[in-house]
Every structure is written in structure tokens, then in C-alpha cells.
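Protein chains: 2
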Amino acid sequence: MAKIKQVAITGGTHGNELTGVHLLKHWRSDPTEVARSSFKTELHLANPKANACNRRYVDQDLNRQFNVEDLNNHELCGYEHNRAKSLNSLLGPKEDPRVDFIIDLHTTTANMGMSLIFNTDDPFVVGMAFYVQQKMPHATLFFDPIERMKDSFLTSMGRHNGFLIEAGAVPQGLLRADIYLETKEAVEHCLDYIEAFNTGTVPELPETREVYQFGDKVKLPENEQGELTAMVHPKLQDQDYQPIKTGDPLFLTLAGETLPYEGEETVYGAFINEAAYYDAHVGLSFMTKTQISLKR
Amino acid sequence: MAKIKQVAITGGTHGNELTGVHLLKHWRSDPTEVARSSFKTELHLANPKANACNRRYVDQDLNRQFNVEDLNNHELCGYEHNRAKSLNSLLGPKEDPRVDFIIDLHTTTANMGMSLIFNTDDPFVVGMAFYVQQKMPHATLFFDPIERMKDSFLTSMGRHNGFLIEAGAVPQGLLRADIYLETKEAVEHCLDYIEAFNTGTVPELPETREVYQFGDKVKLPENEQGELTAMVHPKLQDQDYQPIKTGDPLFLTLAGETLPYEGEETVYGAFINEAAYYDAHVGLSFMTKTQISLKR
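Chains as they are written, first to last, in the numbering used here: chain A, 1359 to 1654; chain B, 1359 to 1654.
Check the hints yourself; a few may be wrong.
[As the list claims (entries may be wrong)] Computed Cβ-Cβ distance ranges for the label pairs, DEER-style:
1) 1411/A with 1434/B: 17 to 25 Å
2) 1618/B with 1410/A: 27 to 35 Å
3) 1434/A with 1503/B: 53 to 61 Å
4) 1618/B with 1615/A: 44 to 52 Å
5) 1493/A with 1440/B: 53 to 61 Å
6) 1649/A with 1623/B: 37 to 45 Å
Everything labelled a hint here was simulated from the structure, so no lab data went into it.
Built from N, CA and C at the ideal position, the CB exists for glycine as well.
Next up, chain A with everything else stripped away, as it sits in the complex (with noise of 0.2 Å):
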């Protein structure tokens, strides 16, 4: 495989997740930091405005825009899509990009801790997450494969599809120095990757580790009004990761009514209570557990 001569570290990309803003302010004061001697780093805050106004978003979630067909489609004209097609040409074109590698910083206020958000099994990709846990054994991999093309993530305007890091539990609107600091070294891990891929240097791997891969999101019990009727159930609530067998508490009513889960398959919830998928009364993901394997 061919060199990584073009890395792009953004942040921003959600207006008001606070923790990418703020490391590349810190990397622009001190760009040693993220340099390596076999690629050259370059910062991007991904969505001024929004992070101005302290919002997600001003029309519509960036980090849902760079699909080729919708970059490609100038009728959607909402501040984020433009700025899609802005980012599009700053870092792509999408269908032959400029830049190698794309590492988005997020943060989540559910309690999925150091996560490791990847969407290709691609050896390069596939080699940084396993590299990461590895220096973090504590993290995360969080595998949700699409097609580089058909993929509406930041990350896949990177030759390779790229690396979303996901770090929480924090809310909104500021920043927590742990999960500051623990963005900032895992983001120094995966330079140091590149750097020992582009050198030949890269340490012995797993064959396999075991990855958490994206299912179903699933809704807030509503009422006919659509209104929220019920909330994420306290013995769930911060246990991101952990098994959801048939009966285990889901949600609690307004009223204090526990709703059990009802599916036969064994579960595993992610993006437990997050705050940005409230307005859609989305109160968490379904996700399988399985193994991913490092293709020589």
C-alpha cells in the first residue's frame, strides 16, 4: 500500500462538542505536537458556525453530508450542505481525494468512555484501531461498515476511510480535562501508527479483537401526540456496552413504569442517552458483539 503523506485531524464537526475545538487550538500554538517526520498534519475546525452559535448544527448534522450523491447534489443548499461541498474541495474531491487520512474528534454524554468509531475493514484502518486499544486497553472498537462512496461521515472524505474518536460520558457546551486528555493521547497514538506504517515499523498486532458493531437505533416510547413518555431505565442508564438480555429494564415511564426489553437476542446498547438524538427520540443504539480480524 502506498505511502500516508496527508493527514487531516478535525474537530468541530458537532458545534458544541467542545473537546476537538479546543485540541486544535492547542495543536495550532504548538504543531509539534502532531507532527511526524513521514506525513504532514493538517487542523481543520469542521463547522465554524455551528460551534459559534454553540449548537450540533445550524440546518442539518454535518457529519451526515458527505455522501458522493448528496456532495455531488447542488439543490441541497442548507448551511451544512454547503459546507460539505466547502469541505469537499478543501479536502477531496471526494471520488479522488487530496488527503490520505481523515481523524475526527466527538465527544458523547453517554458513558462510552475511549470509543474507536471505524466504518471499513480495510488492513490500514483496521491495524490503527487494534494499535490504539492496544496503547488504551480500556477503549473501545465501534465498527459500523459502509462503502467509502455511500458513507455520510467526515472521515470517509480521507483516501482511506478514516477514524471517528468518540470520547465520553461529557455534555455539551464544555470541556472535561479527562476525556480532553484522553482525546489528545489517543489522537498522538494514531499519528504514532502512521508513522511506523509509513516506516515499516509497525509492532506485532492481534490477529482478531472482539468490536461492537452498530444495529438498530432504537426510540423513546412516545404518545399518540408524539410527545416522550417514557426515559431510559437507571439500571441502564451509563452502561454502554453491556449485555441487554429479554426482560432487562429499557425504559421508565413518566409514571414509573419499568418497560422491559422485549427481543430474544442478546444486545449490547450504545449512544445511551445521548443529548443529540434527543430531539428525535432516539434514547439508544442496538449493537452486536463480534470479531474483526486483521487481514495480511
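Put chain B on the given structure of chain A with help from the hints.
For chain B alone, coordinates are given in the frame of chain A:
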């Protein structure tokens, strides 16, 4: 003292603090839970427009608009300035209010647990704080005395300066069932206390209790451009109501340097890393620990 005849429970005074909003919805569907025999309870969503936008406020913080001078100043005509005047005609007028007592429901992103905030040493109000704490011993008393006419909180719109229930930690824009249930319980104790007060059956209460008294807001460090250069130190994060002594870590710069507390007096932190104060770069409040007596 005259009996309490009319009690208002208010929520959504800050539009993205959803616990109160959904408790009001629940009680509207089951009013018996907040009904007592000796007084009437009314329920008001204080800032419906901010709630619909999932924002703290539209133009101004509503919970700073209720001092009598501002209520009577018709030059002030932002959304919340007008909303405060409208609530003044619904609950007040401030100078001679229709409503006897207001319980206002708030949440915080700080780890303040169940905090009972009151602004007067009126024995009816102090008695309520002592009563609720007797039922919920983990609750903290937060005292911020100010004369009712000058008080800018919604709770000051009642004949007796009222009671603010502040529960956390919970991010903005979502419900946590544990916080919802705790807030519900605290309100029920408040109503039981009023009923006992009216019927002369208040149980024996302590003579004095520990309170945290509001002191100074402490700003996060900024550079010359007014940009944030540091965040709450990991050792201070979540340590609300714990002592801060000379030399204790206060902030961590984006570059990783620890900035200590340089004051000589031991203080106590509150609203540590409250998202709502981030726009003003306020990192926490310093409190002093003192005693309050229940005047007989």
C-alpha cells in the same frame, strides 16, 4: 403566619433543563400527586419558547429578570424580559403576589447532587429546607440571601421567597431517570411540609444546619483575545461542596499545566463546570460553609 393557599410549581425556566418540563407533563396527567387538602397547586412551564428550541433562553436568562425594577422597566423588551412581565401578571404582581410560594425546578451539569437553593432566612422557608433534608439526608442546603424585591429569580415572585430545586449532574437537553425521580421526591416533600405547616403538624426540626453560602463566580483563564486557555482541573471536576485549600489544583491549561488556587481562605466549589456558564467563561463558584438557624 398566614396559611399558604396557592403554590406554583414551575419548570423549564431554563428551556434545556428537561427534568422539570417532563415532571410538569406527568403531573398534568396525574394532578393528584401534587394535590394536598389545605392549598391549591398550579403548574407552569416558565419558558415554553426556549424549551421548544432546546435552549437555555432565547434572548436573556429568564431566571435573572424578576427584580421589581426590571419588571417595571418597559425599555427591557427582549423575549425573556416580556415573558417575565407576563409571569408577573400570572403569578404576581411582585409587590403583592397572588401566589404564596413557588417551587422552581432546575438541573445542572455540575455534580451538585440534590441542592436546595433558597434566598431568605424566613423560618417558613428554612423549615422547608430542614424538612426536605431530614427526608433526603444527602441533600445540600445552598443559601444566597437577598431581599425579595431585589431578587431576580423566578422563586422571588411568590409572597414568601421560594425554593429552587437544583439537581445534577445531568447534561442539558436530556432526562436522567435518577435525577427525575429525585426531583419528584423532593417536590413531594416540599408539598407535604406545606400541608403540615398549614395544619400545624410540622415534625420537630433541627435548630441549626450547615449551609453553603454563595460567594464569588470564578472565571476560567483566558488569553488576550478572550479565548479559553484552561479548563477545570481533573482533580476538581465533580468535587462540588468539597474544600479547596491554598495550592489545590484549580485549572489545567490546554497545554497541560496545573494552575493552583492561590487564595488563603478555604473555600468550597459549586457549579463546577456548569455548561450554562461556559459562554461567560465561568468555571465554578466559590462558596463558604456556615450555619443557618431556624428562627422560632
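Hints, verified against the model:
1. 1411/A with 1434/B: 17 to 25 Å: Distance hint for residue 1411/A, residue 1434/B holds at roughly 24 Å.
2. 1618/B with 1410/A: 27 to 35 Å: Check passed, 32 Å falls within 27 to 35 Å.
3. 1434/A with 1503/B: 53 to 61 Å: Once the Cβ atoms are compared, 55 Å apart, the range 53 to 61 Å for residue 1503/B and residue 1434/A holds.
4. 1618/B with 1615/A: 44 to 52 Å: Holds - the Cβ-Cβ distance for residue 1618/B and residue 1615/A, about 49 Å, lies within 44 to 52 Å.
5. 1493/A with 1440/B: 53 to 61 Å: The hinted range 53 to 61 Å holds for residue 1493/A and residue 1440/B, with Cβ atoms some 55 Å apart.
6. 1649/A with 1623/B: 37 to 45 Å: violated (57 Å)
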